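Protein chains: 2
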Amino acid sequence: MNNFDFKNPTKIIFGKDSIGKLENEIPKNAKVLLLYGGGSIKKNGIYEQVKTALSGLDVLEFSGIPANPEYAVLLNALKIIKDENITYLLAVGGGSVIDGAKFLSAAALYEGETPWDILSKNIKTEKGLPFGTVLTLPATGSEMNSGAVITRTETKEKLAMGGPGLFPEFSILDPKVLISIPKRQLANGLTDAFTHVLEQYMTYPNGAILQDRFSESILQTIIEVAPKVLNDPSDHNAASNFMWSCTMALNGLIQKGVPTDWAVHAMGHELTALYGIDHARTLAIITPSHYTFNFDAKKEKLAQYGARVWNITEGSTDERAQAAIDKTVAFFHELGIDTKLSDYTQDFEGTAEIIAKRFTNRGWLGLGEHKSLTPENIEEIVKMSY
Amino acid sequence: MNNFDFKNPTKIIFGKDSIGKLENEIPKNAKVLLLYGGGSIKKNGIYEQVKTALSGLDVLEFSGIPANPEYAVLLNALKIIKDENITYLLAVGGGSVIDGAKFLSAAALYEGETPWDILSKNIKTEKGLPFGTVLTLPATGSEMNSGAVITRTETKEKLAMGGPGLFPEFSILDPKVLISIPKRQLANGLTDAFTHVLEQYMTYPNGAILQDRFSESILQTIIEVAPKVLNDPSDHNAASNFMWSCTMALNGLIQKGVPTDWAVHAMGHELTALYGIDHARTLAIITPSHYTFNFDAKKEKLAQYGARVWNITEGSTDERAQAAIDKTVAFFHELGIDTKLSDYTQDFEGTAEIIAKRFTNRGWLGLGEHKSLTPENIEEIVKMSY
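Those sequence lines, one after another, are chains A and B.
Sequential numbering from 1 applies to the first sequence in my numbering.
Sequential numbering from 1001 applies to the second sequence in my numbering.
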């Protein structure tokens, strides 16, 4: 096990009908900017619940934060924060709205030349404007971590940011929100959370017995509840376990003391950039090829995952590892998630070369848990995903 | 799954040779009171490491905090805190020293008549004097929670306290501390952490799939590393997994959304009070009888635990549940922990009646996850433990 630091101060308020508890979490004298996305919260009743809970407070609103939160849009919100002396942000939405709030939290107190610095210069935010969240779409884990990804269409950039000052002060997780989420989004959320765990687990054995078992616990839980969540999102226990699994998958806990990979995400982001494929689906496209390409390096962990998560106990390490990859692909298929690039676009020829070139041009130092994957390796992995 | 709130802001600094990192965690202008126990830290080199890390700071010392931290002793430390305008506490020790620091943290800022109020009136501390810890004995989990138990010999009381203001700001967990811990204490720590998990898990199924699996993960990890820890405490991976398991067993995470029991602790405390038996050993004495007495209420969870943790897959639910109890007893025995009161004292006749009477006299409202165990039930359970 490696040395690690761990601190996560976000307060989670979890459960049925918990949105009303919002009123106890925001200071009474706060001037609040309520941030949300395309307006689905007005159709599913969440907006009403939030507004009722905020009724005693001074609240302005900013809507229209898109999926892959856009820098140009967020700058409009930043202007309101500064002009109106906003003191508290409340993000009501999924990972995109919450990530947007993290950028605004950092930018509101940033004293440098332009808030883009925070992303381009990779500035760690030690203190941000306080904010809380009401999660409407379980998937990204952004509700209990301090990281965000912001897109700038103008320059075709998608950059990460974060820092210890960017944990939400509180996040409200009401599993009832699942009822109004389209099945496609639920399948994406299940795939996203599942892959988040794999990125922090499917590397090589390093003696972190407890962390491995925690990761396996989340994977097993997602597998168990996935069909229930898709068939009946009003199933409270299934929804609760799914929601809590998504949070635990990326709140920092399971990555402590272990090597992490994240190459699947790096390659998947490129597929979203090139073809607009849903983030989660790009992960399902890349994962099998990535594990197949890096089979020797990952087979011990793949076999462990096969045994403990999929009950694959027969055969050699290689056979069990291969069976574990097959089981993972079958699981994605059961969720209705296709796992080949050609399932999403017929215009895939040359994709691998384009992506490899992008990594080369960035002067990328290597992907994967050993930072050893070259652009040539990436080209091969993407090609295997066609 | 039940609704829950979860917040744990303690920063964990984990790993080999991490004690030196202490100097980055305490404000440079702090006036520190270093708290420790009987002086074993002077023999094992931890004291030297701590003093070196604190060398730039203004530090006073208070030693002699005993196991089962004693109110009268702590009042002497409180006097120093007030007389010397101490601004930061540093607990270097196991659960007793850390619990003592929590009491002092609360008492230093308490404005009521007497600090005993905090315990007798069950006052939740919202804000305490800031403190950090260097853990020298993995067992209680006190390094990452906000609870403490304080003893007042004068009145034969042992009371719990806590509150959101009593999380350590940081805790340093260096698995190398295991090297100098006597085998008996290591066995106690393993038993204590194992039983902490059982108290939050061995109740009845309530659909908290992820929490159950996290609990099972900790139990499996403790079982796997226990013989290694006892045979060679310098085994870094075994020591690391043991230490992190102890913390995760009682930092609040696994109890969220589930019913909890804690009757074993309540009865065990009485055995410590009556016979001075080590806390962990009292838990091993009571656990089998408690599960046997409450067999029907707990058998579903016992069978699940048997299957997942002990690989007991044959037989009826009743048979698997019984086998799980037997495996638990055998595990305690493998640790060198006796599981009958008569193994510790020949003077046990009447113990059950005395303990039952104590609960009656306190006007106790019922033990266990249903708060339904009566003094008569307790009498029977303790008798089964003879």
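FYI, nobody ran anything at the bench for these hints, they're computed from the structure.
Just so it is clear, the structure is predicted and the values come from calculations on it, not from any experiment.
Each hint should be verified, as a subset may be incorrect.
To be verified - Straight line, CA to CA, 25 Å or less: simulated SDA-like cross-link-like pairs of lysine to any residue:
(1) B:1016 to A:5
(2) B:1016 to B:1073
(3) A:16 to B:1204
(4) B:1158 to B:1351
(5) A:127 to B:1030
(6) A:21 to B:1206
(7) B:1011 to A:288
(8) A:21 to B:1016
(9) B:1156 to B:1169
(10) B:1016 to B:1006
(11) B:1042 to B:1179
Here's how the hints hold up against the structure:
1. Only pairs whose Cα atoms come within 25 Å are accepted, and residue 1016 (chain B) paired with residue 5 (chain A) is accepted, the gap being roughly 12 Å.
2. With a C-alpha separation of about 32 Å, the suggested pairing of residue 1016 (chain B) with residue 1073 (chain B) is violated against the 25 Å cut-off.
3. A hinted pair counts as satisfied when its Cα atoms are at most 25 Å apart, and residue 16 (chain A) with residue 1204 (chain B) qualifies at roughly 21 Å.
4. Distance restraint check for residue 1158 (chain B) and residue 1351 (chain B): the Cα-Cα separation of roughly 19 Å lies within the 25 Å cut-off, and the hinted pair is therefore satisfied.
5. Straight-line distance between C-alpha atoms of residue 127 (chain A) and residue 1030 (chain B) comes to about 22 Å, which keeps the hinted pair within the 25 Å bound.
6. The hinted pair formed by residue 21 (chain A) and residue 1206 (chain B) meets the criterion: a straight-line CA distance of about 23 Å does not exceed 25 Å.
7. At roughly 36 Å between alpha-carbon atoms, residue 1011 (chain B) and residue 288 (chain A) are farther apart than 25 Å, so this suggested pair is violated.
8. Among the hinted pairs, residue 21 (chain A) with residue 1016 (chain B) is inconsistent with the structure: their alpha-carbon atoms are about 42 Å apart, more than 25 Å.
9. The straight-line distance between the Cα atoms of residue 1156 (chain B) and residue 1169 (chain B) is roughly 31 Å, outside the 25 Å bound, and the hint therefore fails.
10. Among the hinted pairs, residue 1016 (chain B) with residue 1006 (chain B) is inconsistent with the structure: their alpha-carbon atoms are about 29 Å apart, more than 25 Å.
11. Note on residue 1042 (chain B) and residue 1179 (chain B): the hinted pairing holds, with a Cα-Cα distance of about 14 Å set against a maximum of 25 Å.
Violation of the numbered hints given earlier is confined to hints 2, 7, 8, 9, 10; the remaining hints are satisfied by the structure.
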